[in-house]
Each structure stands twice: as structure tokens, then as C-alpha cells.
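Using the sequences and the accompanying hints, generate a full structural model.
For the sequence shown, the residue numbers in full-length UniProt numbering are 1 to 436.
For the record, the hints were derived by calculation from the structure and aren't laboratory data. Incorrect hints may have been included.
Result set (DSSO-like, lysine-lysine): computed pairs, CA atoms no more than 27 Å apart in a straight line [what the hints assert, rightly or not]:
1) K26 x K7
2) K5 x K336
3) K287 x K399
4) K26 x K287
5) K26 x K421
6) K336 x K421
7) K26 x K336
8) K280 x K366
9) K421 x K5
10) K399 x K98
11) K26 x K5
12) K102 x K336
13) K7 x K421
14) K98 x K273
Values in this document were obtained by computation on a predicted structure and should not be read as measured data.
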Amino acid sequence: MSGVKLKVAVCGGGVGGLAFAIAASKYSNIAVEVYEATSGFSSFGAGIGLWPRAWDVLTTLGLGDHLMKIASSPPTTDITHSFTFRKSDQPTGSDFYKMYSKGHIMTFHRGQLQQSFLQYLPPLCLVHYSKRLQSYSRQPSGEIQLVFRDGGHATCDVLVGADGIHSAVRAQLMQDEAQIALRSGRPDAAEEILTAIEPIWTGSIAVQGASALRIPLHPTQYLGRNINIMVYPVSQEDARCTKGPWTAQVDEASWLEEMSFDEWEPEAKGWSKCVERPTKWAIHAVKPLHTYVNDRVVLLGDACHAMDPHQGAGAGLAIEDAYVLAELLSHPRITKSAIHHALEVYDSMRRPFAEEIARRSLENSKWLSLHYDNFDFSGSDDVDIERKLREMGDRIVEKWMWAWSSTVHESLEQGKRELDKFIDNMPDCPRYRCRI
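Below you can see the structure in the form of C-alpha cells.
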């Protein structure tokens with residue numbers, strides 16, 4: 001792409017948006033500007049986890065040495081005891097499964113991770129604050145004009161929607177796609193497309209808080225019917241949640257009464273009772289989209305695949321999206337007229353992959369609440385319960401292995417080859433699907 005420089009606007013300065021800016025800024029043929037809706041990046045936030053597959057991307061981008069200093073524990077390639085699963089909705093709880101993985105989940109404080117990403121942005125990568133997108137439009141030149149709620153304007157060659165589950169970019173992209181469906185005589189398809197604008201409730205409620213109790217040696221999940229408690233450290237520097245904006249403030253006594261831990265073991269009761277300043281929110285997700293791209297507009301992270309959190313995959317998938325998108329847009333043969341080819345390859349790689357992980361995460365959420373194979377975990381024989389719990393543990397690990405046994409690099413190389421074929425005008429080239 002000699003002599004050609006793409007102007008890329010990123011709406012959203014979360015983990016995915018900043019990861020894209022870091023990855024893309026390594027290439028001289030891409031100029032990136034980030035438009036963040038808030039007035040500044042906050043130190044507030046919960047803990048997030050990154051499995052080895054996502055950590056591999058961050059080390060490729062050169063962030064590994066710095067991020068190790070704020071992670072809950074150092075990275076490893078050894079076989080590691082990564083989770084303990086414990087049945088706790090009974091007077092005497094018992095560990096029923098230990099999950100081992102090649103490497104482990106590394107947990108970070110979200111605010112610290114964002115601040116670390118900001119430090120790695122080059123000076124030429126500008127970050128604009130208080131820039132909440134109102135709309136965008138395509139100009140005759142092919143550029144995209146952005147209009148912000150404060151009345152400001154900007155133009156770009158590529159718009160990256162990394163603006164989270166309530167994405168304004170997704171809303172307009174879906175509206176544009178619905179118009180295409182209507183013009184082609186598919187009103188039912190148009191109506192279905194529009195249903196993806198608003199997030200949907202997953203059926204789960206999350207309560208989060210910090211505790212003064214000693215954290216278990218290994219991250220532990222305490223399981224009971226309809227409820228599971230996960231205990232893990234957030235970071236090396238501070239394993240407690242800080243005060244910040246809450247979705248809903250919850251009185252400790254009221255949420256304990258609502259959750260009903262009366263029949264649970266003392267250890268799990270202890271965790272439930274010592275949660276300080278609990279927050280409560282309904283977990284929402286984005287419906288599976290029929291596309292992540294429209295012309296020169298593309299979605300990544302929660303903007304296109306916000307999901308149930310029970311594989312700890314959300315932030316990692318956003319980082320993968322960001323890296324893949326940056327690598328494809330920086331392809332040396334990309335011109336402005338070929339941008340849509342890069343985005344089509346991105347969509348064919350990332351969308352099926354994210355949909356599969358979302359499906360597995362939803363399965364995990366059911367299994368970790370003891371909804372497995374229509375089995376009665378409270379009224380069955382102890383031997384049958386133990387057998388079923390082991391079987392469930394095996395399936396949880398089987399569905400989770402992608403996070404440490406695969407990398408994004410192989411699929412990316414195949415995606416680059418597909419992009420070459422697109423540019424060579426080979427319409428018979430089959431699309432590559434990122435495999436787990």
C-alpha cells in the first residue's frame with residue numbers, strides 16, 4: 001500500500017478499541033484516532049480474565065512484560081490447576097473437579113488494563129474524549145462522516161465500532177442492513193435484522209463485590225442449583241473492587257435473602273455474607289448478527305458479540321478481533337477501493353468463531369448452575385451425583401480447551417491468503433472459517 005494511508009476512526013476506548021489502536025498504529029499505512037464517549041478513562045472497573053490465547057496476542061503486540069506487573073499471577077506454559085469446582089448447596093460441600101489447562105486465566109483490574117493500553121499508544125494516535133457518536137454517513141468520495149452528540153464532526157476511511165454492548169455503530173449498521181433487505185424484497189429479514197440492535201437478557205443476574213477473606217489458592221467456583229459463586233483475585237496491586245458507578249446498589253441483607261443460601265455449606269455462606277458493597281446487574285448479550293460489516297464500517301468486541309461471561313472470553317475475543325482486523329487492514333496490497341475485501345475476510349473469520357464461543361459460554365452458565373442433562377443433583381443417589389458431576393466437569397473442560405490449546409495466528413495466516421485471493425479477483429475462493 002505504498003503512498004496510501006488509511007484513516008481509521010475507532011468509536012470506543014475500551015479494551016477492544018485500544019487494542020486495535022495499538023495493533024494498527026504499528027503500521028505506517030494506518031492512521032488511527034479513538035473517539036471515547038466518556039470524559040476520560042476511569043480507574044473504576046471489575047476484574048477481567050485473559051486466557052493464554054488472548055495473552056499470546058498481547059505478547060505479540062509487545063505488551064507482555066508490562067502487563068505481567070499488574071496481572072494476578074505471572075503467565076506460564078505449564079499444565080496448571082486453573083479452577084476448582086465445588087458442589088456447595090449442601091451442609092458439607094465437596095470439591096468434585098479440578099480443571100487443568102496449559103497456562104491459566106490471568107486476571108486484571110479493568111481500569112488498570114485500560115491505563116496500561118493507553119501508555120502504549122504512540123503520540124500520533126489521538127484520543128478524543130466526550131465524543132459520543134450520534135450518526136455516520138457515507139460521502140461521495142467514499143469517506144465516512146461522523147457526527148457526534150456535541151455537534152462535532154470527523155471523517156475517516158474506515159469506522160471501527162468498538163463501543164460496547166449498547167453500540168451506536170451497531171444500531172446504525174443494522175438499520176442500514178435492514179434497508180438493504182427491504183430494497184431486495186425481504187421485509188421479514190429486515191425485521192429480524194432490526195431485533196439485533198437492542199441487547200437481550202441472558203436470563204442471568206450477577207452480583208459482584210469485594211471481600212476481606214483470604215482468596216483460595218486456586219480460583220474456585222462454588223456450585224448450587226441456579227447459583228454459582230466464583231472467587232478469584234483481580235490483580236497484584238489491588239485485589240479489591242474500588243468505588244465507582246454501579247448499575248444498581250444492593251443491600252447486603254436483601255441480596256442474601258433473594259439468593260437463598262440457607263442450605264449451603266459454611267464456606268460458601270462465608271463468601272456470600274462477606275461481600276462488601278455488592279453491585280447487581282442483569283447480564284445481557286447481543287443476538288447473533290448476520291454480519292459484522294457494512295461497506296467500510298466494522299464491529300468488534302462486545303459491540304458485535306457481547307455474551308454470557310462463563311468462559312471468561314469477552315475481553316480476550318475483543319483483543320483477538322482487534323489484532324486480526326489491524327493485520328488485515330495493514331495488508332500491503334490493500335487500497336481504499338479494496339477495504340471491503342479486508343472487512344469481508346474479517347467477518348468470515350471472526351463471526352462464526354465468536355458465535356461458537358458464545359454458545360459454549362451459555363452452556364457453561366447452565367452447567368455451572370447445576371442444570372445439566374436434566375439430572376436431579378439434589379434427590380439422586382450420591383454415587384450417581386458424583387458420576388454426573390465428573391461427567392459435567394469433563395464436558396466443561398472439553399468446551400473450554402480452545403482458550404489455551406489454540407492460537408489466532410494460524411487462522412490469521414489463512415485469512416491473509418484469502419484476502420490475497422480476493423484482491424486477485426478470484427470469486428470462486430471459498431471463505432475460510434476460523435476453527436476451534
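Hints and how they fare:
1. Taken as a hint, the K26 and K7 pair is honoured in the structure, with Cα atoms around 14 Å apart against an allowance of 27 Å.
2. Straight-line distance between C-alpha atoms of K5 and K336 comes to about 9 Å, which keeps the hinted pair within the 27 Å bound.
3. Under the criterion of a C-alpha separation no larger than 27 Å, the hint pairing K287 with K399 is consistent with the structure, at around 21 Å.
4. For the given pair, K26 sits about 33 Å from K287 by alpha-carbon distance, which is inconsistent with the 27 Å threshold.
5. Restraint check for K26 and K421: satisfied, since their Cα atoms lie roughly 25 Å apart, inside the 27 Å limit.
6. Taking the CA atoms of K336 and K421, the gap is near 17 Å; set against the 27 Å cutoff, the hint holds.
7. Between K26 and K336 the CA atoms are separated by roughly 19 Å; this keeps the pair inside 27 Å, and the hint holds.
8. A threshold of 27 Å between alpha carbons decides the hint, and for K280 with K366 the separation of about 19 Å falls inside it, so the pair holds.
9. A distance of roughly 22 Å separates the Cα atoms of K421 and K5; the hinted pair therefore holds under the 27 Å criterion.
10. Restraint check for K399 and K98: the C-alpha separation of about 15 Å stays at or below 27 Å, so the hint holds.
11. Restraint check for K26 and K5: satisfied, since their Cα atoms lie roughly 13 Å apart, inside the 27 Å limit.
12. For the proposed pair K102 and K336, the alpha carbon gap of about 41 Å is over 27 Å, so the pair is violated.
13. Note on K7 and K421: the hinted pairing holds, with a Cα-Cα distance of about 24 Å set against a maximum of 27 Å.
14. A C-alpha spacing of about 25 Å is found between K98 and K273, which places the hinted pair at or below 27 Å, so the restraint holds.
Hint compliance for this structure: hints 4, 12 are broken, all remaining hints hold.
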